[in-house]
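Fit chain B to the given chain A structure using the hints.
Listed in order, the protein sequences are those of chains A and B. Mapping the first sequence onto numbering that gives the first Met the number 0, position 151 (from 1) lands on 150, and the numbers just tick up by one. Mapping the second sequence onto numbering that gives the first Met the number 0, position 80 (from 1) lands on 79, and the numbers just tick up by one.
These aren't lab readings, by the way, just hints derived from the structure by calculation. Just to be clear, a hint being listed does not mean it is correct.
Unchecked claim - With a straight-line Cα cutoff of 25 Å, these simulated PhoX-like cross-link-like pairs (lysine-lysine) come out:
1. A:Lys120 - B:Lys67
2. B:Lys92 - B:Lys138
3. B:Lys137 - A:Lys106
4. B:Lys159 - A:Lys100
5. B:Lys132 - B:Lys111
6. B:Lys159 - B:Lys111
7. A:Lys106 - B:Lys93
8. B:Lys93 - B:Lys132
9. B:Lys33 - B:Lys44
10. B:Lys92 - A:Lys120
11. B:Lys93 - A:Lys109
12. B:Lys138 - A:Lys120
Computed from a predicted structure; not experimentally measured.
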Amino acid sequence: MYSEKYEIQTEFFEGPLDLLLYLVNKKRMNILDIKVSEITSEYLDYLMNKRGINPSRESDFLMTASTLIYIKSRSLLPAPEIYNEESLEDKLINTLAEYDKIQKITKLLKQMENDEVLLWKREEVSENFETREFDIKEISSFQLAEVFLNLIKKRDKEEFVNIKSRDFSIQKKQEEILEILETKGYLNFSGYIEMLDSTEEFLVAFFSLLDMVKRGIIIALQKRLFDTISVWKNGKYKIAQ
Amino acid sequence: MKEEKEFNIETIEQKTAFIESVLFVSKEPVEPEKIMTFLKCKNIKDFEEILSKLTDMYKDSERGIVLKRSGGGLQLVTKIEMHDLLNDFFKIKKTSTLTIPSLETLSIVSYKQPVTLAEISRLRGVNSVGPVKNLLQKKLIKISGRKRVPGLPALYSTTKEFLLYFGLNDISELPSIEELTEMFEEKEQPSLFKQIQSENG
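For reference, chain A alone in the conformation it holds in the complex (with noise of 0.2 Å):
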């Protein structure tokens, strides 16, 4: 297993689109025009030089030795005579011209991206350096949902049961964020939900927050990927700063 580990790094595929991809480059073949037993074994003198066993890779594998069989098989076999369907064998044919449309767009964004890499922006330096100004940005509600996830899951783990007959509305909660914000000028997403007592009341906070940021009350900042969420008043926050 480990000694083959070299092996692969010479040939690595991810996927059997890969694979098949190489094997026609290889044989200079037209993807629109493949010859299915020239690629057939090309691809079992792969599987022989192939020493040891990754499942996952191999099922892939098999799954296009499969394909390959079938549409030989077919070949072999007098066609019906009215045939609609799109042919497996033009499938995998479309397919792997795609595929191939897809390695290209592929190479050209890895360009783009190096050539990108070179030049410098403002922001890049004051980044990575020790002393940087955090750059606040506004967070998507997408991220929002994220915190919410990951907060219920924390819970799911504390084992007190409390039952409490009590009903919270939407709007008593907005009440008293805002009365919140109003105090204390901010409030920190993570740690005042942390503080709620059932997920009931948790869900409804959180309702209330994602309402109030729809109808641009508050605005939720976050001074980085994956720093506490913090809300504000939306307005408020530029004179705070």
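Showing chain B alone in chain A's frame:
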């Protein structure tokens, strides 16, 4: 709120200097419309003239920066030749960060957007949850809607950050599939392979 002060920016020279100073302090690309409104410049031609003046100025080999259009905005960036020196000076290794799977996924999203995860995985021939998550986190792609099929799967599209990251002004700047085929046609046939090799080794 704001005090309306009369400012006097009349001459082309003053305008050029003003635009340069705006771009100098801005961290992100500045929308040309914003500058135009501020300068009460209504004619795009006049504005473009100033920009080309700036561009010409930076062509001088004594200058270390250039004017770049990125993500629909204007930005000052360093010249390519400065890259190695800057690396040395700031002791920063500025390198590309995206992996091949991520780049493949991005290439599908950029050309087929909006596109679902299932479609991405089908085109790549491997499950692509990982790269998609990674790209979402890097804000290079976003959920732009839901496909109206059973399960309402999320549709992904590229973002403005995507344009900035790859130095594109607009998504339409990406070459068409036909142009791409020509670009890579004769040059290198079975080289996808070599490329991956050299990156691993």
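Against the structure, the hints come out as follows:
For a cut-off of 25 Å, the pair hint linking Lys120 (chain A) to Lys67 (chain B) stands: about 10 Å separates their Cα positions. The hinted pair formed by Lys92 (chain B) and Lys138 (chain B) meets the criterion: a straight-line CA distance of about 22 Å does not exceed 25 Å. This hinted pair checks out: Lys137 (chain B) and Lys106 (chain A) have alpha carbons roughly 20 Å apart, not beyond 25 Å. For the suggested pair Lys159 (chain B) and Lys100 (chain A), the alpha carbons sit about 24 Å apart, so the restraint of at most 25 Å is met.
About 18 Å separates the Cα atoms of Lys132 (chain B) and Lys111 (chain B), which keeps this hinted pair within 25 Å; it holds. With a C-alpha separation of about 16 Å, the suggested pairing of Lys159 (chain B) with Lys111 (chain B) holds against the 25 Å cut-off. For the hint linking Lys106 (chain A) to Lys93 (chain B), the alpha-carbon distance of about 20 Å falls within 25 Å, and the restraint holds. For the hint linking Lys93 (chain B) to Lys132 (chain B), the alpha-carbon distance of about 23 Å falls within 25 Å, and the restraint holds.
Our distance criterion of 25 Å between C-alpha atoms is met by Lys33 (chain B) and Lys44 (chain B), whose separation comes to about 16 Å. Our distance criterion of 25 Å between C-alpha atoms is met by Lys92 (chain B) and Lys120 (chain A), whose separation comes to about 14 Å. Taking the CA atoms of Lys93 (chain B) and Lys109 (chain A), the gap is about 15 Å. The hint holds against a cut of 25 Å. As the CA atoms of Lys138 (chain B) and Lys120 (chain A) are separated by approximately 18 Å, the hinted pair is consistent with the 25 Å bound.
The structure is consistent with each of the numbered hints, conforming to all of them.
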